[in-house]
Amino acid sequence: MEIPVDWYLALSAILFLLGVIGVLFRRNVIIILMSIELMLNAVNISLVALSQATGDVSGQILVFFVMSVAAAEAAVGLAIVIAIFRNKLSVDVNDFNLFKH
Amino acid sequence: MDLSTAYDALGADLQATLSLWLIVLGGLIVIVWDAFRERDALIPVFAGLILVGAIVWDLFQLTAEPATAFYGLIRTGGFAAFVNLLLEVSALCTIVLSVPYLKRIGKDYAEVYGLVLFAVSGMMLLGAANNLVTIFVGLETMSICLYIMAGLVREDEGGIESALKYFLLGAFSTGFFLYGIALLFGSTGSMYLAEIGHAASTSTSAMYWSGVGLLLVGFLFKVSAVPFHMWTPDVYQGAPTTLTGFMSTASKAAAFASLILVLFYAVPYEKWTLAVAVIATITMVLGNLVALSQRNVKRMLAYSSIAHAGYVLVGIVAGSAEGYAGALYYLLVYTLMNIGAFGVLALMEWDNESGRTQSLDSLAGMGYTRPFIGVAMGVFMFSLSGFPPFGGFLGKYAVFAPAIKAGYTWLVVVGVIASMVSAYYYLRVLYVLWMKDSTDPAAMSNDKRVALTVPASSTAVIGFCAVLLLVFGVYPEFLQMAVDFFSPSAVSIAP
Chain A
7 MEIPVDWYLA
17 LSAILFLLGV
27 IGVLFRRNVI
37 IILMSIELML
47 NAVNISLVAL
57 SQATGDVSGQ
67 ILVFFVMSVA
77 AAEAAVGLAI
87 VIAIFRNKLS
97 VDVNDFNLFK
107 H
Chain B
283 MDLSTAYDAL
293 GADLQATLSL
303 WLIVLGGLIV
313 IVWDAFRERD
323 ALIPVFAGLI
333 LVGAIVWDLF
343 QLTAEPATAF
353 YGLIRTGGFA
363 AFVNLLLEVS
373 ALCTIVLSVP
383 YLKRIGKDYA
393 EVYGLVLFAV
403 SGMMLLGAAN
413 NLVTIFVGLE
423 TMSICLYIMA
433 GLVREDEGGI
443 ESALKYFLLG
453 AFSTGFFLYG
463 IALLFGSTGS
473 MYLAEIGHAA
483 STSTSAMYWS
493 GVGLLLVGFL
503 FKVSAVPFHM
513 WTPDVYQGAP
523 TTLTGFMSTA
533 SKAAAFASLI
543 LVLFYAVPYE
553 KWTLAVAVIA
563 TITMVLGNLV
573 ALSQRNVKRM
583 LAYSSIAHAG
593 YVLVGIVAGS
603 AEGYAGALYY
613 LLVYTLMNIG
623 AFGVLALMEW
633 DNESGRTQSL
643 DSLAGMGYTR
653 PFIGVAMGVF
663 MFSLSGFPPF
673 GGFLGKYAVF
683 APAIKAGYTW
693 LVVVGVIASM
703 VSAYYYLRVL
713 YVLWMKDSTD
723 PAAMSNDKRV
733 ALTVPASSTA
743 VIGFCAVLLL
753 VFGVYPEFLQ
763 MAVDFFSPSA
773 VSIAP
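Chains A and B are the protein sequences, given in the same order.
Each step along the first sequence adds one to the number in my numbering, with nothing skipped, and position 25 is 31.
Each step along the second sequence adds one to the number in my numbering, with nothing skipped, and position 362 is 644.
One or more hints might be untrue.
[Claimed, not checked] If you want a taste of the chain A side facing chain B, the calculated C-beta under 8 Å gives, among others:
# : residue
1 : I38
2 : I42
3 : V72
4 : G83
5 : I90
6 : K94
7 : F102
8 : L104
[Stated by the list, open to error] List time: in silico SDA-like cross-link candidates among lysine to any residue, alpha-carbon distance up to 25 Å:
#  : chain 1 : residue 1 : chain 2 : residue 2
9  : B       : K389      : B       : A317
10 : B       : K553      : B       : F654
11 : A       : K94       : B       : G388
12 : B       : K385      : A       : R92
13 : B       : K385      : A       : A89
14 : B       : K718      : B       : F654
[To be verified] Partial list, computed: chain B residues near chain A (C-beta under 7 Å):
#  : residue
15 : I442
16 : F454
17 : L460
18 : G468
19 : D516
20 : G660
Just so you know, the hints here were simulated from the structure itself, not pulled from any lab data.
Ideal placement from N, C-alpha and C gives every residue a C-beta, glycine not left out.
Please model the entire structure based on the sequences and the hints provided.
So this is what it looks like as structure tokens:
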């Protein structure tokens, strides 16, 4: 029995929404980073499912690019988090408010 | 599939996109070079020469017939060459301005030049993309390089905080952007812009429009249009000044070029204009109003760059060939003005905190001690506020006139009023530079002032920008050239 594409899209939408909620409501930078990764990978599910449904392989090709981009983003993001932790000894975004006037 | 001509096709494609490969290769060489000979003074020279080579190549491509390369993944000739030239000139100016600036703040890492080259390669992919995959790859190549550049001064808490904000919000918007791509792909079954537009011209679904909406959110974030502008002032204020100039011009130009292509090829015109017109309105109004109350010069220029994104959007709203061409032309002038203005700011900086805490009043009287800086800043500020005979005036005309023709008179009225308001804060900079005495307690002491030298290379770049602005303000040939890119032959590019 084949699972209809709608289920994949629904799963992807729910995961994406969870990621968005995580970014908006969590205050720990590391958790925000994880939520962003969740968003990207939720889209990956959509892309693969839609690629399968439409019979066009380019969706799956994009998934490979997304995975490498996510890796690069994680590397740069964690480097920035380490640099800011050295400065402020905190990973709470509420502590980073130098520009509030 | 016949592969006997594959090498010939590959050769032709490589030739058409040679400037891109030159820049990528240059970036790789810079990174390896720096690994073996750290902070070699020749590295920026090499990076500059690579960019000069790419500029020369693209000047010849400017008149080439528009086409696509690599199975329709990327656009070449005409439009693409124009965008590439803009990006390369911006990067070249940035590199030349950055060398003395980074040395002064003690951050003269050679990786910066590699990052600039990589960022430009990403922007060139983005600005000439014909396919959603190319757009995504270009966008991310550009963004990741910019995140690193924003946090270059990592010991400064402001610099690294701005990098973190840029990174978090940028990655967040990437998620939306990517979801938009997935939905567009799912609803039309293609990644090619023209095929998406073709599928959308017959029927559109809710999935298609959610895809377009999410894609627009991603783009509007990158060009810092209100309500997706929150990151801009913080990032521009905290990042190293010359690199802020690069971020505010080249990355916006690339994102706008890509937005133009997406709207032009993949989205039916009547449906999106009102939404974009509303965004353009609030962007112009809010950007200019908030800029009025800024005391920090860099923060003020950040809000001004938000306002300028609004002007460019006016040209896009017009939706005609003239409107898109006007937007492109505006980006060209805007790049020159902003690179120049940030270049001047970089010269007047002494606090070693990338100008983060430098107030406007502390620049008092600089016009007399450094007349060249004062005059150049005058050109940039007059041009930014849109006075004739500078390039900024013709740029505003180029985006406003097509909008009137398309029936958006109210939008243009708002735009003109907004730019009149903007004259106040632009001219205040000149007032402080020329007419205010430096006896102000906030002004810096005299010995510090003497320590600020103006290197010949920076003088050359700032002078180049100022002169070019005057030339563009007097001769509108470039505008006509931009209009020609949207001629019927350019429109008919299919994958």
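Holds or violated: is the Cβ of I90 (chain A) closer than 8 Å to a Cβ in chain B? holds (5 Å)
Chain A contact restraint for D516 (chain B) - C-beta distance below 7 Å: The hint holds - D516 (chain B) has a Cβ within 7 Å of chain A, the shortest such distance being about 4 Å.
Pair hint K94 (chain A) and G388 (chain B), alpha-carbon separation not exceeding 25 Å: holds (22 Å)
How about K94 (chain A): closest beta carbon in chain B under 8 Å, or not? holds (7 Å)
Minimum Cβ distance from I42 (chain A) to chain B below 8 Å? Where the cut-off is 8 Å and the nearest Cβ of chain B is about 5 Å from I42 (chain A), the hint holds.
Interface hint check: L460 (chain B), Cβ to nearest Cβ on chain A, cutoff 7 Å. Holds or violated? For L460 (chain B), the interface hint holds, since the closest Cβ of chain A sits about 5 Å away, which is under 7 Å.
With chain B as the partner, please determine if I38 (chain A) meets the hint condition of a C-beta pair closer than 8 Å. Cβ of I38 (chain A) sits 6 Å from chain B, so the hint holds.
Proposed proximity, R92 (chain A) with K385 (chain B) (alpha carbon, max 25 Å): OK: K385 (chain B) and R92 (chain A) at ~24 Å, within 25 Å.
Just to be careful: measuring from the Cβ of G660 (chain B) to every Cβ in chain A, is the smallest value less than 7 Å? violated (28 Å)
Quick check on the hint: L104 (chain A) CB to chain B CB, less than 8 Å? holds (5 Å)
Next pair to validate is K718 (chain B) with F654 (chain B); report whether the Cα-Cα distance is within 25 Å. Holds - the C-alpha atoms of F654 (chain B) and K718 (chain B) are around 17 Å apart, at most 25 Å.
Can the hint on F102 (chain A) be confirmed by a CB-to-CB distance to chain B that is less than 8 Å? Holds, about 5 Å.
The earlier numbered hints that this structure contradicts are 10 and 20.
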